[in-house]
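Participant: Chains as they are written, first to last, in our numbering: chain A, 1 to 195; chain B, 196 to 402.
Among the hints, erroneous ones may be present.
One-sided and incomplete, this derived list gives chain B residues near chain A with beta-carbon spacing under 7 Å [unchecked claim]:
hint : residue
1    : Gln264
2    : Val268
3    : Leu277
4    : Ile290
Because the hints were derived from the structure by calculation, they are not lab data. Ideal placement from N, C-alpha and C gives every residue a C-beta, glycine not left out.
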Amino acid sequence: MNLYRPQEQQTPELISGLLDNEIKCQNMINDINAKLESSEEFKAEYDSQLKCKKMLQSLEHYQPTPFLSTRIMASVRAEAKVQTAKKSPFVHWLISIKRVTIGVAASVALFSVGALSYSMHSAYTNIRLAKSMPNGVYKTFGESTFDNPRDLGATHNVSFPVQPVGYEVEPEQYLIDLHSRSEAENKAETKKVKK
Amino acid sequence: MLVKPLVQTQTLEVEQIDTSGIEDAGWIGRVLAGDTESFGLLVNKYYARIYNFIRTMIRMDDDALDMTQETFVKAYKNLATLKTPERFKSWLFRIASNTTLDFVRKRKINTIDSENTLREQYIENENPENEVVLANRSAIIREALAKLKPDQREILVLCDLEGLSYQEIAEILNIPFGTVQSRIFYARKRLKDLLDPLTIDQSRSLS
């Protein structure tokens, strides 16, 4: 049965049936309400709620000092002045100048941070490079002889890296000696140097 | 049969709100047009109610004065954002409610004292010859009110002390109508539980 047909298409029986149902539902609701309202529990709850309400309504209202309204209006007038001042062209100009200043300051600060981090990174790389170099190649930080460690052999400023302490010969002669001696002689020489 | 009286009551309430709201809307229009002094009319109309609401919520006189002032200044600042000036009262109470709850949260005000304080206070002061019995009774009810949760206290103050309608409370607290009803029910129930021991003591002392 289609209940949603236009009213003119609905049969009188259907309409009367719907009305009957509605009346039945209303009666059921009325019955439930009546039962609820007559129950002791409902009455007790209703009474206690009403009692609470009356108790609260019996409370006297706190009365503020009569000067409060004057105080409030003083604040409101001050606020009105501030709002009026904000609308003046001079204040608008000041606000825009302030915004531009803040923008420039923020850009400068950002650039400074970038530059600082770049120089820190460079310094760190240089220190790592210096540590990996043989003695004398990087005398002090910032006085590096070479930009590229691969160019190491192409300079004359290199101090010989493995010259033992106390061995008073030229480095080239030392190397020749090292290769011409037998292994046993080399060991004996090392022991002698250590002593 | 049950529906008719409810409808009539609601109509009456709406009429009352409209009259008051139209008056407020007129004053608001003047304030927005640049007449700051017209705001004074709104202040005079509502400051006592707002103060009473805040004072009942936080129970500190100086802070209540400050917050009442803050509420009105906030209202003045944001008056242009009020879409329906007829509902100024609900809007103002909502500002007051938010200001108060912020204050309670920031200061972490402890309103839950020991449960026995009420009873002791009542027994000490129940002598009928005492002239301040009535005043003490009020103090006890206020004490019990203070022991409620902030949301329960707030809704009872708005409903029973300030006499606002459920619809207005729903607007102020931004909660559904049904929630207002249930919250009021549970708040009153809790208040009754808090005041019950006192009622029993009273009946015993009388018999």
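Participant: If a hint holds in the structure, say so; if it does not, say that too.
Facilitator: Verification of the supplied hints:
no.: 1; hint: Gln264; in the structure: holds (5 Å)
no.: 2; hint: Val268; in the structure: holds (5 Å)
no.: 3; hint: Leu277; in the structure: violated (15 Å)
no.: 4; hint: Ile290; in the structure: violated (13 Å)
Hint violations for this structure: numbers 3 and 4, all remaining hints satisfied.
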